[in-house]
Every structure is written in C-alpha cells, then in structure tokens.
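Chain by chain, the residues run as shown.
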Amino acid sequence: MRIKTTPFYPRLVELNHTGLWSHWAGHLSATRYDFSPKYEYFGIRNSAAYFDASPLFKFWIRGRDAERVLAGVMARDPRAVKPGRAQYTVWCDDDGYVLEDGVLFRHAPDEFMLTAAEPNLSHLRERARGKDVEIVDVSEEYAVLALQGPRARAILEPLAPEIAELRYFDFTPAKVAGHAVTISRTGFTGDLGYELMIPADDALAVLDAVVEAGEPHGLRPFGEEALNMARIEAGLPLIGVEFTSARYAYNDAERFTPTELGLGWLLRGIDDDSRPFIGRDAIRRELAEKTSRWATVGIVVDWLAFQELHTSHGLVPVMDEIPVPWETMLYDDAGERAGYATSLMYSPMLQRYLGIARVKPEHAAVGTVVHVEQTVNHEYLTVPAEVTTLPFFNPERKLA
Amino acid sequence: MAKEKTSHDYDAIVVGGGHNGLTHGAYLAKSGLRTLILERRGFVGGAAITEELHPGFSFTTFSYGLSLIRPEVVQELDLVKHGFMPLLMNSTFAPMENGDYLLVGGDREQNLNEIRRHSLADADAMERFDFDLARVQQFVKPLFDAMPPNVFSGDPADQEQVAWMLKHLGSAPPKVVHDTVRLLFGSIADFVDDYFESDVIKGHIASSGIIGTKVGPMSPGSGLVFLFMSMGEHDGAMGAWSFHKGGNGGFTQVLARAAQAYGADIRLEAPVAHVLTSGGRVTGVALEDGTEFTAPVVTSALDPRRTFTELVDPLELPSDLVENIRRFRFQGTASKVNFALDGPPVYPALADRTDQYQGFVNIGPSIEYLERAFDPAKYGWYSERPYLDCCVQSFIDPDMAPPGKHVMSCFTMYTPYDLRHPDGSPASWDDERDNLGDTVQATLESFFPGFGDLVVHREVVTPLDIERTTGLSEGNIYAGEFLAPQMYFFRPAPGYSDYRTPIDGYYQCGSGTHPGGCVIGSPGRFASQQVLTDLAGRD
Numbered sequence: 001m002r003i004k005t006t007p008f009y010p011r012l013v014e015l016n017h018t019g020l021w022s023h024w025a026g027h028l029s030a031t032r033y034d035f036s037p038k039y040e041y042f043g044i045r046n047s048a049a050y051f052d053a054s055p056l057f058k059f060w061i062r063g064r065d066a067e068r069v070l071a072g073v074m075a076r077d078p079r080a081v082k083p084g085r086a087q088y089t090v091w092c093d094d095d096g097y098v099l100e101d102g103v104l105f106r107h108a109p110d111e112f113m114l115t116a117a118e119p120n121l122s123h124l125r126e127r128a129r130g131k132d133v134e135i136v137d138v139s140e141e142y143a144v145l146a147l148q149g150p151r152a153r154a155i156l157e158p159l160a161p162e163i164a165e166l167r168y169f170d171f172t173p174a175k176v177a178g179h180a181v182t183i184s185r186t187g188f189t190g191d192l193g194y195e196l197m198i199p200a201d202d203a204l205a206v207l208d209a210v211v212e213a214g215e216p217h218g219l220r221p222f223g224e225e226a227l228n229m230a231r232i233e234a235g236l237p238l239i240g241v242e243f244t245s246a247r248y249a250y251n252d253a254e255r256f257t258p259t260e261l262g263l264g265w266l267l268r269g270i271d272d273d274s275r276p277f278i279g280r281d282a283i284r285r286e287l288a289e290k291t292s293r294w295a296t297v298g299i300v301v302d303w304l305a306f307q308e309l310h311t312s313h314g315l316v317p318v319m320d321e322i323p324v325p326w327e328t329m330l331y332d333d334a335g336e337r338a339g340y341a342t343s344l345m346y347s348p349m350l351q352r353y354l355g356i357a358r359v360k361p362e363h364a365a366v367g368t369v370v371h372v373e374q375t376v377n378h379e380y381l382t383v384p385a386e387v388t389t390l391p392f393f394n395p396e397r398k399l400a
Numbered sequence: 001m002a003k004e005k006t007s008h009d010y011d012a013i014v015v016g017g018g019h020n021g022l023t024h025g026a027y028l029a030k031s032g033l034r035t036l037i038l039e040r041r042g043f044v045g046g047a048a049i050t051e052e053l054h055p056g057f058s059f060t061t062f063s064y065g066l067s068l069i070r071p072e073v074v075q076e077l078d079l080v081k082h083g084f085m086p087l088l089m090n091s092t093f094a095p096m097e098n099g100d101y102l103l104v105g106g107d108r109e110q111n112l113n114e115i116r117r118h119s120l121a122d123a124d125a126m127e128r129f130d131f132d133l134a135r136v137q138q139f140v141k142p143l144f145d146a147m148p149p150n151v152f153s154g155d156p157a158d159q160e161q162v163a164w165m166l167k168h169l170g171s172a173p174p175k176v177v178h179d180t181v182r183l184l185f186g187s188i189a190d191f192v193d194d195y196f197e198s199d200v201i202k203g204h205i206a207s208s209g210i211i212g213t214k215v216g217p218m219s220p221g222s223g224l225v226f227l228f229m230s231m232g233e234h235d236g237a238m239g240a241w242s243f244h245k246g247g248n249g250g251f252t253q254v255l256a257r258a259a260q261a262y263g264a265d266i267r268l269e270a271p272v273a274h275v276l277t278s279g280g281r282v283t284g285v286a287l288e289d290g291t292e293f294t295a296p297v298v299t300s301a302l303d304p305r306r307t308f309t310e311l312v313d314p315l316e317l318p319s320d321l322v323e324n325i326r327r328f329r330f331q332g333t334a335s336k337v338n339f340a341l342d343g344p345p346v347y348p349a350l351a352d353r354t355d356q357y358q359g360f361v362n363i364g365p366s367i368e369y370l371e372r373a374f375d376p377a378k379y380g381w382y383s384e385r386p387y388l389d390c391c392v393q394s395f396i397d398p399d400m401a402p403p404g405k406h407v408m409s410c411f412t413m414y415t416p417y418d419l420r421h422p423d424g425s426p427a428s429w430d431d432e433r434d435n436l437g438d439t440v441q442a443t444l445e446s447f448f449p450g451f452g453d454l455v456v457h458r459e460v461v462t463p464l465d466i467e468r469t470t471g472l473s474e475g476n477i478y479a480g481e482f483l484a485p486q487m488y489f490f491r492p493a494p495g496y497s498d499y500r501t502p503i504d505g506y507y508q509c510g511s512g513t514h515p516g517g518c519v520i521g522s523p524g525r526f527a528s529q530q531v532l533t534d535l536a537g538r539d
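Those sequence lines, one after another, are chains A and B. Just so you know, this note's numbering puts the end of the first sequence at 400, numbered straight through with nothing missing. Just so you know, this note's numbering puts the end of the second sequence at 539, numbered straight through with nothing missing.
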C-alpha cells in the first residue's frame with residue numbers, strides 16, 4: 001500500500017526538484033519544489049505562486065435543514081452568508097473550546113460546502129441526525145488549486161473573466177479550459193489570491209492552463225514551507241501548530257477558546273444572537289466574565305539585540321525564514337512565564353524575526369516587551385521582543 | 001535666540017541624492033535636523049537608478065544588485081515601511097566554453113552534487129573555503145561596520161578607538177588573521193588555488209575579486225575586492241545577493257520616501273556649484289543658477305575629487321590632503337551593457353529550462369579567462385572576450401519587463417576609462433561605445449546561440465557615460481578604487497577618514513569614505529553619526 005497522491009501529482013512530481021514531500025491528510029504534499037523555499041515565498045509576495053490544497057477535506061451539506069444544522073454547529077453565524085459568499089469559521093465543544101476551523105461556501109440557500117484540514121464527517125452527521133440534511137464527504141472528488149500573489153488576477157482573469165468582480169471571500173462558478181470549476185477569492189497567504197475547486201478528473205487540464213497562463217508572469221509552485229511563512233505573516237492560525245482540536249486534548253491546557261486563539265472577531269454580534277450553537281453559553285460566559293486565559297498576539301524580536309546575542313557569543317546570527325517547529329517560551333521582565341510563541345520565523349518581507357504568540361492577558365498590550373527564549377551555545381538565553389497586533393503583513397491588494 | 005528660518009535656511013544640507021546622500025539625509029532628518037538634499041538630476045538615486053529606456057522594459061542603468069546594504073540602515077530608517085523589498089537571487093549560473101556549466105543555489109546538498117560533477121575534491125574544498133571565509137568575515141565585520149579609528153591622532157578618544165582596533169586584531173586565531181591578510185594584500189587566484197582544482201569553480205569565485213577594480217585575478221589586491229564583495233548578505237546569509245523590487249532605483253526611491261517621511265526636503269535639478277565658507281567654517285551652498293541655501297552643516301555625498309577639489313577651493317585645504325586626493329586612483333574600468341530581450345536566452349545544455357536565470361549569470365569560466373580579459377586593460381584597451389556579470393532581472397522581478405519579455409543587465413569588464421588603441425594612439429569611448437556593445441553581444445552569442453535575435457533594445461554605458469551621467473570621477477563605480485592604500489583609515493586620505501573635512505561643518509558621506517562603494521549605506525550612516533556627535537559637542 002502506498003500513500004495517496006492528489007490529482008495534480010503527475011505534474012507536480014516533475015516540478016518537485018527536491019523530492020521532499022510530507023503527508024497531509026493521507027496524501028503526498030510537497031514540502032518545497034525549489035531548493036529554496038524563500039524563492040517560492042517571493043512568488044507569493046512578488047509575482048504569483050500556486051499550491052496544491054487538494055488534501056483538504058470537503059463536505060457537501062445540503063437540504064432544507066442545512067442552514068439550521070450549520071447554525072447549530074458553527075461559532076460564527078452562517079445564516080448571514082449569502083449564496084456566492086464564503087466564510088472562515090470555527091466550531092467548538094460545549095465548553096467553548098475550539099474543535100476545528102474551516103471555510104464554509106454557500107452555493108445556494110440550502111447547499112453549503114465546508115472545507116477543513118481534518119476529517120469531520122461523523123461529527124457533522126451526529127449534529128444532523130433527524131434533520132432534513134445530507135452530508136457527504138467529497139474530499140476525493142475535487143482537487144483544490146490555490147493561486148496566490150499580486151499577479152494572481154492577471155493570470156486568472158484571461159482564463160476566467162468571471163473572477164473580475166469577485167470580492168474577498170466571494171466565489172463563482174467558472175470555466176477554465178472548458179472545464180467547470182468553482183473559483184473563490186480566498187487563500188491562506190494573506191495576499192491577493194484565488195482558490196479553484198476542480199472536479200478531480202479535470203484537475204490536470206485546468207492546472208496546465210493556469211501554468212501556461214502564468215509562465216510569462218513568473219508563476220511558480222510553492223510547498224508547505226512557503227505557505228507556512230506566508231500564513232504566519234498573515235497571522236492565520238494553523239491547526240496542529242497554533243492549536244489542536246479540543247476533542248483530542250487530555251486537559252484544558254491543550255484547549256483554547258476562539259478568543260484565546262485571536263479569533264474573537266468571529267464572535268461579533270454574539271450578544272444579540274439568540275442562535276443556540278455548541279459552546280455558546282460557555283463563550284458568552286467567557287466574554288462576560290473576561291475569563292480568557294490567553295491572548296494571541298504578534299511578537300517582533302528586537303533586531304539589534306538578536307544580533308548582539310549571537311555575535312557576543314562568537315556566533316554568526318542566522319536569519320532563518322523556515323518557521324521553527326516547536327513552541328518558544330516567553331518571559332516577562334521579572335523572568336516569569338509570560339506565554340509562548342506558537343510560530344516563529346524570520347520574515348524576508350518585514351526583515352525581522354516575528355511570531356504568533358499566546359500570552360497571558362496582562363502582557364497583551366501592544367508595545368509590551370517579552371523575552372524570547374533562544375538556545376545559544378547550549379544555553380537558554382533570551383532576547384527582547386515587542387508585542388504587536390496581527391496580521392504582520394496585510395497588503396491593500398488582498399482586498400482591492 | 002535662534003534666528004528666524006526662511007525657506008533657504010537649513011540645519012544641514014546634503015550635496016548629492018545618491019543612495020549615501022539619501023541615507024545620510026534621512027538619518028539627519030530623523031534626528032530632528034531640518035535637512036535639505038540637493039540632487040543635480042531630475043530624480044534621485046545617483047548610480048542606483050532604474051529607468052524605462054524602452055517601453056515596458058526597466059533598466060538598472062548602473063548598479064544592479066543588492067547585498068552590502070547594511071541591515072542596520074534598513075532597521076534604523078524603518079525602510080520596510082517605505083517599501084524595502086529585497087528579492088532573493090536564488091542561484092548563480094556559470095556557463096563554460098565547452099558547453100557545460102556550473103549552477104549553484106541555496107541548497108547545500110545540491111551544490112555539493114553540482115560541484116562534484118566538476119571535481120570530487122572541490123566539494124569538501126568548497127565547505128572548507130566557505131567556513132574559512134566566514135571566519136574572516138566574522139573577524140573583519142566589526143572593523144567594516146564601525147568608523148575607522150584615527151590612527152594619526154593623539155586625541156585620547158581616538159587613541160581609545162585605536163586600542164580597541166589593536167585589541168580586536170589580536171583577538172582572532174592565527175589562521176583567521178593570516179587568511180585575512182592573505183585576502184587583503186594577496187591575489188584571489190593564489191587564495192583559491194589553495195582549495196580548488198576545477199577551473200570553473202575557481203573562475204566563479206575569483207570573478208568577485210575583480211569587480212569594478214583595475215586588477216586581474218592574479219593581481220595582488222584582488223583578494224581585497226573579493227573580501228569586500230563577500231561582506232554583503234541577504235537576510236543574514238553572508239555573501240548572498242538580492243535584487244531590490246524595481247531594481248536599485250526602486251531601493252533609492254524607498255530611501256527618498258524614508259528621508260521625506262522624517263522631514264527632509266529633496267530638491268531636484270539643483271546642481272551645486274560650490275560650497276560656501278566663511279572663516280574656515282561652512283555656511284551653505286550655492287547652486288549653479290546662483291540660488292543660495294544656508295546651513296551650519298554641509299555634507300558632500302560626491303566622490304573625494306569633487307568633494308575636495310571642486311565643491312570647495314583646494315587652496316582652503318591643507319596641501320597634504322589635496323595631494324592625496326589628486327593621486328587618489330579612480331581609473332574606472334567597468335561598463336554596463338543592458339538588453340531588452342524578446343524572450344529568455346537559450347543555453348544549449350539547458351535548452352528547455354529557465355531556472356538557471358534566478359540569479360547571476362557569470363561569464364568568467366576560468367581564472368585564465370578573467371586574466372586574459374584584464375591584459376589589454378593594462379595598456380588602455382578593452383577586453384576582446386570580456387568578463388560579464390549578467391542578470392536576467394525580469395525572472396526575479398517580473399515587473400521589470402512585459403509578460404514573457406526580459407531585461408538583462410550585463411556588468412562588463414575590462415573597459416578602461418583612459419582609452420588608448422593597442423598601438424598607443426588616443427581613442428574615445430564616444431567612438432567605441434557601439435563596438436563595446438557588439439563585443440559584449442558577440443560574447444553572449446558564443447554562449448547563448450541566437451542571443452542577438454532576441455535583442456529589442458541595447459544600452460551601452462561606458463566609464464565615460466558613468467562619469468557624465470552620475471558625476472563619478474572617471475566612471476569609477478566605487479567613487480575611488482578598492483586598493484589597500486585607499487581603504488579603511490586611508491579612505492579617502494590618511495587623517496581624513498572620520499567623515500569630517502578640514503573645513504568646520506563640512507562633511508563627506510560618499511562611497512569615497514569608509515567602508516567604500518556598492519549600495520551599502522554605511523558612509524551615509526557613519527557620517528551622520530559624526531555630524532550628530534559634533535553638534536552635540538557644540539552645545
């Protein structure tokens with residue numbers, strides 16, 4: 001038995017010069033195609049680049065009660081979503097802890113598609129029991145191509161003029177190279193970008209058309225490392241990094257509320273919202289009593305101090321753009337634990353070490369100094385960083 | 001009581017809106033000085049400009065890559081906020097005369113594979129070379145990144161700096177000190193011979209030792225140029241290069257925005273005729289049209305010849321300084337040939353690929369090739385087979401050319417400023433400009449068959465053109481040669497390396513001061529520190 005591959009794989013395997021792949025949702029997913037992930041990253045930020053997001057789980061939720069069921073599950077109110085619009089959302093447990101996040105696309109009043117990084121069919125079906133709704137896992141039936149970067153529109157519009165009017169989180173049916181696809185103005189990079197949901201059998205033909213259209217625009221493929229860099233700059237939490245599903249946590253230290261994850265903005269209007277959904281009472285209690293244990297913030301490491309920390313120890317400071325795959329401890333001025341960074345990287349766009357961090361609320365004010373633990377010459381030392389808001393990078397073109 | 005300021009009164013005036021003038025002006029403005037930057041041309045940038053010379057094609061007319069810009073400048077002037085964006089140059093591609101090539105990039109393992117294709121022994125030799133070089137860079141960096149101490153002064157503060165320098169020099173292991181001296185005073189050919197056997201690898205490394213300087217790879221002094229070039233970095237990766245979004249003209253626009261955001265005024269088409277002085281003190285500047293601006297601080301961002309013999313009357317200066325400046329070597333030897341191309345060049349061995357164009361294309365396949373290119377320059381003539389440091393910049397930044405089209409920048413050596421025919425008779429770049437373009441194009445044609453058919457526009461920039469357009473004397477791209485007697489506390493002259501001049505209030509911040517040329521920002525930054533220190537001492 002071999003690991004599965006995505007519908008784009010026959011092309012991507014040729015493009016992956018490194019031979020590096022990881023496993024994502026049971027599929028091969030390129031770590032990087034080029035020997036330098038930073039080169040791919042600049043595709044996202046300066047020209048255009050594409051990512052194979054096919055391993056995402058995809059669920060059709062259809063039927064007269066589709067909206068009702070979703071309204072009972074999702075922490076963000078899906079009733080406000082009009083057909084042709086998509087919504088980033090989370091769903092929680094009864095204690096108001098986040099289970100997972102995903103994007104909900106409303107195709108019709110009674111027809112939604114949900115994409116998520118993890119399997120959710122039984123969870124959704126459990127909530128839908130006895131309701132007039134059909135929930136189908138169609139993960140294998142569609143390939144997903146994320147086309148991201150400042151040139152994304154210039155590449156895609158000649159192929160699919162339908163995208164001209166798309167606003168952020170709009171989507172539309174379209175035809176690319178004669179094949180019916182759904183194109184949304186969404187992505188996980190914080191940049192201008194689109195995602196194409198393509199019937200699996202047509203995936204290669206559509207990819208070929210996009211790659212050909214992109215060639216004169218410097219279009220290049222990007223892998224998980226470049227995606228991770230871009231999404232950290234965009235301040236977007238990643239399951240498995242910023243949080244894990246509360247369903248599989250052994251204790252509350254491993255569980256987080258939407259507010260603690262920096263997703264409080266999803267709960268806007270919850271006070272006037274009579275809608276019962278899972279976790280609602282706990283979330284309202286948390287908000288009313290201000291019991292959130294953490295705040296999610298950005299941290300920006302003091303550049304000069306980082307240099308000095310290394311040079312004074314006889315080392316050459318390394319600006320590593322690959323996000324560190326572990327949590328990094330943060331301390332306050334007194335040396336007490338202030339929180340931890342869940343993601344930390346050197347940002348080539350912002351020319352700073354920066355990270356997404358979870359800090360105790362008293363350290364969350366912008367400008368607060370926290371001390372970031374670094375291992376230098378086999379010793380735990382710290383370097384100061386300043387608390388900032390997220391996202392770090394939010395170009396006008398994302399919404400324009 | 002402060003006198004009332006009029007629109008012609010400033011706290012500080014910077015003569016020249018090149019990258020160091022802008023950097024300097026930005027620092028002064030940031031510190032609260034009312035600062036005016038005067039630029040002779042209709043746009044800022046000096047030798048770091050981007051021009052649309054053919055519709056849709058942006059040319060980096062002169063300077064074309066970014067590496068040495070000090071990260072301190074980027075951080076302290078908050079340049080990211082104003083659009084600073086260094087795009088990684090992902091690879092170096094070195095075509096060979098036998099049709100093979102060397103293609104190295106950012107991945108260690110893959111580079112070892114590629115090097116082993118040319119020589120099994122050179123693979124770990126490259127690792128040893130890189131590490132030894134890193135130790136030298138680490139050793140030199142504190143000297144590079146600080147004002148040179150004035151070794152000729154008895155002032156206790158200066159002596160303290162001298163003591164610091166001597167202590168630092170004694171702090172490294174003997175091998176590191178020795179390697180440093182071998183690079184500073186020896187040839188890059190000798191240095192690489194200790195490590196490598198492959199011609200293309202030696203040529204690839206040695207070519208950094210001749211950039212912009214009238215030395216061959218076998219000349220003593222080429223080690224210094226190599227070391228200087230290696231002191232740059234891209235995001236902390238020593239020796240790595242980037243391409244600024246929109247070219248180096250894009251970068252100087254960022255600097256201009258930063259300077260203006262800090263409150264500096266930039267006045268274009270404002271050529272300065274001379275610096276005004278009174279009783280040994282600077283009082284302002286006069287433009288060629290007679291307009292005068294006053295300020296107690298004036299900084300020249302021009303080269304040492306213009307700073308000391310044109311902007312001011314050399315009779316006002318000590319004769320030792322004037323003598324040193326008069327013998328300061330400029331002797332520009334580099335040209336630029338820039339192409340607008342209808343499509344990517346085709347290298348037969350990689351005919352179906354273009355990923356070799358993600359960085360520099362280095363036409364210098366062996367030390368012998370480079371040295372032979374140098375030979376005629378000694379006698380005043382240009383290379384028949386020139387060394388070319390090329391870059392198809394539109395692969396790195398597609399905004400440089402229309403979709404599918406390309407711009408290619410070719411740094412060209414050797415092309416001496418003082419041109420003489422091989423028979424010794426006088427020659428002029430005005431007559432040879434097109435021939436140089438043809439020579440470069442023919443060289444490229446020999447590596448990329450069909451290259452000529454791709455050319456839709458060509459720009460040839462000789463040392464004479466560099467001088468005429470940017471004002472850099474004799475077209476020297478560094479505002480003065482990188483030769484040991486013209487570096488560190490000798491740059492631009494012994495006793496005058498502290499950014500001051502003998503005229504009170506008159507300062508220098510061009511590439512003719514330490515550490516030197518390239519888009520580096522340090523001269524502008526150090527000079528601002530000197531100005532601010534002096535102003536603080538005056539209160």
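Since the hints were made in silico from the structure, they are not lab data. Just so you know, these numbers come straight off a predicted model, no measurement behind them. Backbone N, C-alpha and C define an ideal beta-carbon position, used for all residues, glycine too. Just so you know, not all the hints are guaranteed correct.
[Said to hold, decoys possible] Reference listing, derived: stretches of chain A covered by chain B, where coverage requires no fewer than 3 residues with Cβ under 8 Å from a Cβ of chain B:
hint	stretch
1	35-42
2	289-302
3	336-349
[Claimed, not checked] Pairwise CB distance ranges, derived in the manner of DEER restraints:
hint	chain 1	residue 1	chain 2	residue 2	range
4	A	Glu-396	B	Gly-537	24 to 34 Å
5	B	Gly-83	A	Ser-122	42 to 52 Å
6	A	His-179	B	Pro-402	22 to 32 Å
7	B	Gly-537	A	Ser-22	55 to 65 Å
Structure-based check of each hint:
Restraint check on the stretch 35-42 of chain A versus chain B: 5 residues with Cβ-Cβ distances below 8 Å, three needed, restraint holds. Check result for the stretch 289-302 of chain A against chain B: violated, 0 residues qualifying (beta carbon to beta carbon below 8 Å, three or more required). Beta-carbon proximity to chain B at under 8 Å applies to 3 residues in the stretch 336-349 of chain A; the threshold of 3 is reached and the given coverage holds. Between Glu-396 of chain A and Gly-537 of chain B the Cβ separation comes to about 45 Å, which falls outside the hinted range of 24 to 34 Å.
Between Gly-83 of chain B and Ser-122 of chain A, the C-beta spacing of about 50 Å keeps the proposed range 42 to 52 Å intact. Restraint check, His-179 of chain A to Pro-402 of chain B: a C-beta distance of roughly 29 Å satisfies the suggested window 22 to 32 Å. Roughly 60 Å separates the CB atoms of Gly-537 of chain B and Ser-22 of chain A, a value that falls within the hinted 55 to 65 Å.
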